[in-house]
Amino acid sequence: MSRDWPALAIVPAIALLALPLMPFPTWVALTAAGAAMGMMLFLMASGLTLIFGLMDVLNFAHGAFITLGAYVAVSVLGWLAGWAGADSLALNLAALAVAVAAAALASGAAGVVFERAIIRRVHGKHLQQILITVGGMIVAEQLILAAWGAQPLQVAKPALLRGSLILAGAAVEKFRLVAVALGLLVFAAMHLVLNRTRIGLLVRAGVENREMVEALGYRIRRLFVGVFVAGTALAGIGGVMWAVYQETVTAAIGADMTILVFIVVIIGGLGSVGGCFAGAALVGLTANYVGFLEPRLALGSNIALMVLVLLWRPRGLLPLVRS
Amino acid sequence: MADDVLLRLSGVHTHIGRYHILHGVDLAVRAGRLTMLLGRNGAGKTTTLRTIMGLWRASAGTIAFAGQPITARATPGIARLGIAYVPETMGIFGQLTVRENLLLASGPAGLDPARLARVFAVFPVLKQKFQQAAGTLSGGQKQMVAIARAIIEDRRLIIVDEPTKGLAPAVIGQLIEAFQALKHTSTTILMVEQNFHMASALGDDVAVMDDGRVVHTGTMRDLAADEALQARLLGLSLASHQ
Ligand SMILES: Nc1ncnc2c1ncn2[C@@H]1O[C@H](COP(=O)(O)OP(=O)(O)OP(=O)(O)O)[C@@H](O)[C@H]1O
Ligand SMILES: [Mg+2]
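Heads up: the sequence lines are chains R and D, in that order. This note's numbering numbers the first residue of the first sequence as 2 and each following residue consecutively. This note's numbering numbers the first residue of the second sequence as 1212 and each following residue consecutively.
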C-alpha cells in the first residue's frame, strides 16, 4: 500500500546515508554484517510479533527458546562433526540444516509445553504475563544450565562456511551470506503462508479482529497455539544461527538478545511481520554502521533508533490497523 | 406457533464486568421471518445479539436454537450451527481483500461461483472491488462486504446489528433491496435497526427493548400503524428517522 513505502524505503536510505561516511569496501562489509544480523534478528522476532498481534500476549520468555536452539545447535553440530568438518559444501550445509531442524523441533516442543502450562492461564492479563514469563525465562535458563553445564560452550562453523569471500574489494564472511539467505527464505515462506493459505489469512484476520474470526466459526485458540509454537520454533532457528555466528554459547544468549528482539518488534509495529522484517534490517544495519563510526555510541544506538522511529511513526514502521 | 420458533431466549441476563446489562430478555425469532429488534439507544440490543453469539456469556437464563440449548457454547460452535453475525462495527478485515473476506466466511470447499454470482447480483460494486483491500472501501461498501459474508453460504439464521448506521440514503435503499431479496429465500433474520423506514419496510415481527428487557412484541405492521405506541415505546427518535 502507498502509505507503506516510506517505512520500507528507510532501510536502503540508511544504507545510502552511511555510504559517504566510510571507505567503500568497509561499507560493503558492514552492510553484509548488518544484513546478516538483521535477518537473524528477524528469525528471532517474527514469532514474537505474531504472538503479540494475535492474542496480545507479551512473552518475555521468548529468549529461552533462542537459548534452547543455540544449545541444540552445539550438540547437533558436535555429533555431526564429521559432516561439519568435511571438505564438502553439501555435507556442511546438511549439518547446519539438521541443527536447524532439530532446534526448531526442540524449541517448538518446548513451546507447546510452555503454552499449555503457562501462557494459556494468563490470557488478557498483561501484568501477570510479564511476571510469569520473566519467571519462566529464569527457570528455563536454570534447566539449560542443568542440561548443558555452566561453562560457555564452543561451536565451530562448518568448514566451508568459515572465512570470507572477497566481494567488491571487501571481505564478506561466508556465514553471513548463509544467514541472509535463510532469513530471506523464511520471510518469503511466511509471506506465502500468510497471504496464500486459509490458515495464513485467518492469522492476519485474527490479528485485526479476533472476535469476528470466532463469529465466522473458527477457534482462535487453536490458531494461536499453532502460531505460538511456530514462533518458538523460529526463535530456536534464530538461536542456531546466532550461536554458530558467535561460535560461543552461554545460557544468557537468549536473554542478551531479548532486548534487541523487543526493539525490533516495537520498531516494526506490534503484530506486523513486514514491519518486523524492516525493523530487523534497520537495527542490524544501524548497529554495524554506528559500531564502526563511533564505537562508544554502539550500545545506545538501537534505543536511539527506536526513539527516532517512534517519534516519526508512533506505532512503528508498519502498524496494524485494528477494527 | 411455538413449533416454528428457531431461536428462543428465556429470561436471559448478561453482565459486562460488574454492570448488569440484560435483565431477563425473552425473545422468540420465528423461522423464515425477519424479526426487528428495536429500542432506544442503550436499551441492550447489541448486548442481546452478542449474548446470542456467545461473545458475552449469559449469567442466567437460556438460549435455544432449533430446540437445542446453546447458552454454554463457545462462539465458533454457535457460528457453526449456521448462524451468521453482522456486528454493529461490521467486523471487516481491512488488510484482507474483499475476496479473502468472503473466502473466510465460506465453508471448507472455498468460494462457490454460483453463490458469488448471487452476491454480485445484489452488490455489483463488490465485483469491481473484489481484489481490493477491504479497508480501502467506503463505509457503505464495507457494510456490503459484511452482509455478503453472511450470505455467501446458506445460513439458518442471520443476525444483523444496525446495518444502515452512518450510511447515505442511496446506500440504505440498496440494503433494503438486498434484504428483500434475501427474504424471498425464506432465510430467518434477526435485525436491529434504528432507521424506521428500513425497519418498517423489512420487518415481519417486532420486539422492542427497554432497559435490558423486551417490553413489547407483535407484528411490524401493527407497530407501524400505531404512532402512539411508537412514541411510547421508542420516543421521538423514531419519527425523526423517517
Ligand atoms: N463493554 C461494555 N462495558 C460496559 N457497559 C457496556 C458495554 N457495552 C455496552 N454497555 C452498556 O450496556 C447498555 C446496553 O448497550 P447496548 O450496546 O446493548 O445498547 P444498544 O441498544 O445496542 O444501543 P445503541 O442503539 O446505541 O446501539 C448501555 O447502557 C451501555 O452503556
Ligand atoms: Mg447497539
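Just so you know, not all the hints are guaranteed correct.
[Unchecked claim] Some chain R residues close to chain D (C-beta under 10 Å, calculated; not the full set):
1) A118
2) R122
3) V123
4) L203
5) E209
6) E215
7) V308
[Stated by the list, open to error] In the DMTMM-like style, the derived pairs of lysine to aspartate or glutamate whose C-alpha atoms are separated by at most 25 Å in a straight line are:
8) D/K1394 - D/D1422
9) D/K1376 - R/E212
10) D/K1340 - R/E295
11) D/K1338 - D/E1299
These aren't lab readings, by the way, just hints derived from the structure by calculation. Ideal Cβ positions, reconstructed from N, Cα and C, are used throughout, including at glycine.
Verification of the hints:
1. Taken as an interface hint, R/A118 does not check out: its beta carbon lies about 22 Å from the nearest beta carbon of chain D, beyond 10 Å.
2. Below 10 Å, beta-carbon pairs count as interface contacts, and R/R122 has none with chain D, the closest being about 18 Å; its hint is therefore violated.
3. With a cut of 10 Å, the hint placing R/V123 at the interface with chain D is violated, because the nearest CB-to-CB distance is about 19 Å.
4. Proximity of R/L203 to chain D holds as hinted, the smallest CB-CB distance being about 7 Å (cut-off 10 Å).
5. Among the interface hints, the one on R/E209 holds; its C-beta lies about 5 Å from the nearest C-beta in chain D, closer than the 10 Å criterion.
6. The criterion of a C-beta within 10 Å of any C-beta in chain D is met by R/E215, whose closest approach is roughly 4 Å, and the hint holds.
7. Using the Cβ-Cβ criterion of 10 Å, the hint placing R/V308 at the interface with chain D is not satisfied: the shortest such distance is roughly 27 Å.
8. Taken as a hint, the D/K1394 and D/D1422 pair is broken in the structure, with Cα atoms around 30 Å apart against an allowance of 25 Å.
9. Between D/K1376 and R/E212 the CA atoms are separated by roughly 20 Å; this keeps the pair inside 25 Å, and the hint holds.
10. Distance check on the hinted pair: D/K1340 and R/E295 sit about 51 Å apart at the alpha-carbon level, beyond 25 Å; violated.
11. Annotation: proposed proximity of D/K1338 to D/E1299 holds, straight-line Cα distance about 24 Å (limit 25 Å).
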